[in-house]
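Asks: With the hints as constraints, model all of the structure from the sequences given.
If you read the protein sequences in the order shown, they are chains A and B. In terms of UniProt numbering, the first sequence has 12 at position 12, counting the first letter as 1, and numbering is strictly consecutive. In terms of UniProt numbering, the second sequence has 113 at position 113, counting the first letter as 1, and numbering is strictly consecutive.
Because the hints were derived from the structure by calculation, they are not lab data. It is possible that some hints are incorrect.
Stated by the list, open to error - Per label pair, the in silico range of CB-to-CB distance:
id, chain 1, residue 1, chain 2, residue 2, range
1, A, GLU138, B, GLU17, 27 to 37 angstroms
2, A, ALA60, B, ARG28, 23 to 33 angstroms
3, B, GLU154, A, GLY30, 45 to 55 angstroms
Unchecked claim - Looking from chain A toward chain B, a few residues come up when the C-beta cut is under 8 angstroms (computed):
id, residue
4, LEU14
5, LEU61
6, GLY99
7, ILE135
8, ALA152
For each residue, glycine too, the CB sits at the ideal point set by N, CA and C.
Number of protein chains: 2
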Amino acid sequence: MAIDHLDGRIIVLLAREPRIGVLEMSRRLGVARGTVQARLDRLQSHGVIRGFGPQVDPAALGYPVTAFATLQIRQGQGPDVRAHLATVPEVLELHTTTGNGDMLCRLVARSNADLQRVIDRVVGFDGIVRASTAIVMENPVPLRVIPLVEQAAEERG
Amino acid sequence: MAIDHLDGRIIVLLAREPRIGVLEMSRRLGVARGTVQARLDRLQSHGVIRGFGPQVDPAALGYPVTAFATLQIRQGQGPDVRAHLATVPEVLELHTTTGNGDMLCRLVARSNADLQRVIDRVVGFDGIVRASTAIVMENPVPLRVIPLVEQAAEERG
DNA sequence: CATCCCACTGAGCAGATTGCCCAGCGAATC
DNA sequence: GATTCGCTGGGCAATCTGCTCAGTGGGATG
Chain A
1 MAIDHLDGRI IVLLAREPRI GVLEMSRRLG VARGTVQARL DRLQSHGVIR
51 GFGPQVDPAA LGYPVTAFAT LQIRQGQGPD VRAHLATVPE VLELHTTTGN
101 GDMLCRLVAR SNADLQRVID RVVGFDGIVR ASTAIVMENP VPLRVIPLVE
151 QAAEERG
Chain B
1 MAIDHLDGRI IVLLAREPRI GVLEMSRRLG VARGTVQARL DRLQSHGVIR
51 GFGPQVDPAA LGYPVTAFAT LQIRQGQGPD VRAHLATVPE VLELHTTTGN
101 GDMLCRLVAR SNADLQRVID RVVGFDGIVR ASTAIVMENP VPLRVIPLVE
151 QAAEERG
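Replies: Okay, structure coming up:
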């Protein structure tokens, strides 16, 4: 879906001040309330904006350690491994990938020691042949989309 | 910070129906409005809930290809590389890690061909020695926190 | 045992926002 | 020329928010 400049401003504004209302947005953007409303509806129905769920910080929840694990899967065991990993709360994200590994997953843990427990639980499953883990030290660029939104908006005026 | 069972229910409810108001939440949870209000304020001020920004889907924006790149950095060039990567909109996330690579970043692109352009831009910087990229095929577990929240809430009744 | 502190309840209030409707208008399309 | 579409600007009732207050119960403290 193509994003327009106004759409971009709406998303950016919403990202900066999430608790802002439609009315206040229309004032800031200098357009009618109905317009903002319509744009928002369109963005949501097209899936560009998935939702406004709370962004929870695992670190603040007591899980300050993040790691990425690359998994190698035994042929044909993919579905089982997926199902297994989905049951582990500390697995925040799972992707199947090309390249050296077959899967890449993001893990969190209460401490480096606790990470061992998590990894044991993750790899303690038959279909997983090998796992290599990289612990995250710093996070210079936290998950962001705004620059991408701005770029997409530029391209369409 | 420790999460309570009520806190957990608030977060889960909020994740399920983000547009819900404080009043409606208090009705659903069977507690007073002020209580929900206070809990929310506490969760936010403690950083457990970072905010309610819109969750944008890069795929819907025209960037359906996701990849993870592992970068090896020349000694001492870390800060420069970070700054460089921060300027690339397609870099959604950047971590410094232990292990084989020095950094891990999440990229998106408009197509596999476009991914080449993005990677060129990412690695077209002096401090980067080597990059290995894994393209994401499937995403069986999209970024999630709810199971973790539920686990954290359980531990505190 | 008496006290204090804290969190929760239930209520009220003014002010603001929402969802919804409508008529008019200009530009692009057929 | 006619139609469609998106935006404007206005109005309405219903709802929610932010804020305040007094009362209550449990737990910790003296």
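Asks: Each hint needs a verdict: does it hold in this structure or not?
Replies: Going through the hints against the structure:
| no. | hint | result |
| --- | --- | --- |
| 1 | A:GLU138 to B:GLU17: 27 to 37 angstroms | holds (35 angstroms) |
| 2 | A:ALA60 to B:ARG28: 23 to 33 angstroms | holds (24 angstroms) |
| 3 | B:GLU154 to A:GLY30: 45 to 55 angstroms | holds (48 angstroms) |
| 4 | LEU14 | holds (5 angstroms) |
| 5 | LEU61 | holds (5 angstroms) |
| 6 | GLY99 | holds (4 angstroms) |
| 7 | ILE135 | holds (5 angstroms) |
| 8 | ALA152 | holds (5 angstroms) |
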